[in-house]
Amino acid sequence: MLKIAFIAHDRKKEEMVNFVTAYENVFTGLELYSTGTTGQRIMEATKLKINRFMSGPLGGDQQIGSLVAQDELDLIIFLRDPLMAQPHEPDITALLRLCDVYGIPVATNIATAEILVKAIDRGDFGWRELVHKYKPGVDE
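Numbering (UniProt numbering), first residue to last: 1 to 140.
Because the hints were derived from the structure by calculation, they are not lab data. Worth double-checking, as some hints may not be accurate.
Per label pair, the in silico range of CB-to-CB distance [claimed, not checked]:
no.: 1; residue 1: 103; residue 2: 1; range: 16 to 22 Å
no.: 2; residue 1: 18; residue 2: 84; range: 29 to 35 Å
no.: 3; residue 1: 40; residue 2: 72; range: 17 to 23 Å
no.: 4; residue 1: 22; residue 2: 49; range: 14 to 20 Å
no.: 5; residue 1: 15; residue 2: 47; range: 16 to 22 Å
no.: 6; residue 1: 102; residue 2: 1; range: 30 to 36 Å
no.: 7; residue 1: 28; residue 2: 101; range: 26 to 32 Å
no.: 8; residue 1: 10; residue 2: 90; range: 17 to 23 Å
no.: 9; residue 1: 126; residue 2: 89; range: 14 to 20 Å
no.: 10; residue 1: 49; residue 2: 14; range: 26 to 32 Å
no.: 11; residue 1: 31; residue 2: 100; range: 21 to 27 Å
no.: 12; residue 1: 123; residue 2: 103; range: 17 to 23 Å
no.: 13; residue 1: 126; residue 2: 72; range: 31 to 37 Å
no.: 14; residue 1: 94; residue 2: 18; range: 17 to 23 Å
Below are the DSS-like pairs computed for lysine-lysine, each with C-alpha atoms no more than 27 Å apart in a straight line [to be verified]:
no.: 15; residue 1: 49; residue 2: 3
no.: 16; residue 1: 47; residue 2: 3
no.: 17; residue 1: 13; residue 2: 118
no.: 18; residue 1: 13; residue 2: 49
no.: 19; residue 1: 47; residue 2: 118
no.: 20; residue 1: 118; residue 2: 3
no.: 21; residue 1: 13; residue 2: 3
no.: 22; residue 1: 118; residue 2: 49
no.: 23; residue 1: 13; residue 2: 47
Just so you know, even glycine gets a beta-carbon here, dropped at the ideal spot from N, CA and C.
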């Protein structure tokens, strides 16, 4: 089962909610994670169950980064606000770096998010399932 995380800066939360609502059928049955407020707003607008972490500035980005480092996420949709300085920018940079290190696809805008979600809907994320199937155990 694919594991997806949602993160949205304040001025992008409504866009995220609208996006997830539009693709609710694709996300149904997947394991979903989010930072605090974003996840709450998605759950209020849909029937999806979201595993919520703290707000991004309070450590939620780092909690999601921890899942990336443990190879426990398959995709992150992170709608960033490029026109607003973020006080927790080092956390954001660290999260994006981890995604690059571990080969986790990350969408930082709605256009890329839509391409990735359509790929999920077509079954193009099968390669992630193989990564998990043949992932060596800790004690091997």
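Which earlier hints can't be squared with this structure? 2, 6, 9, 10, 13 and 14
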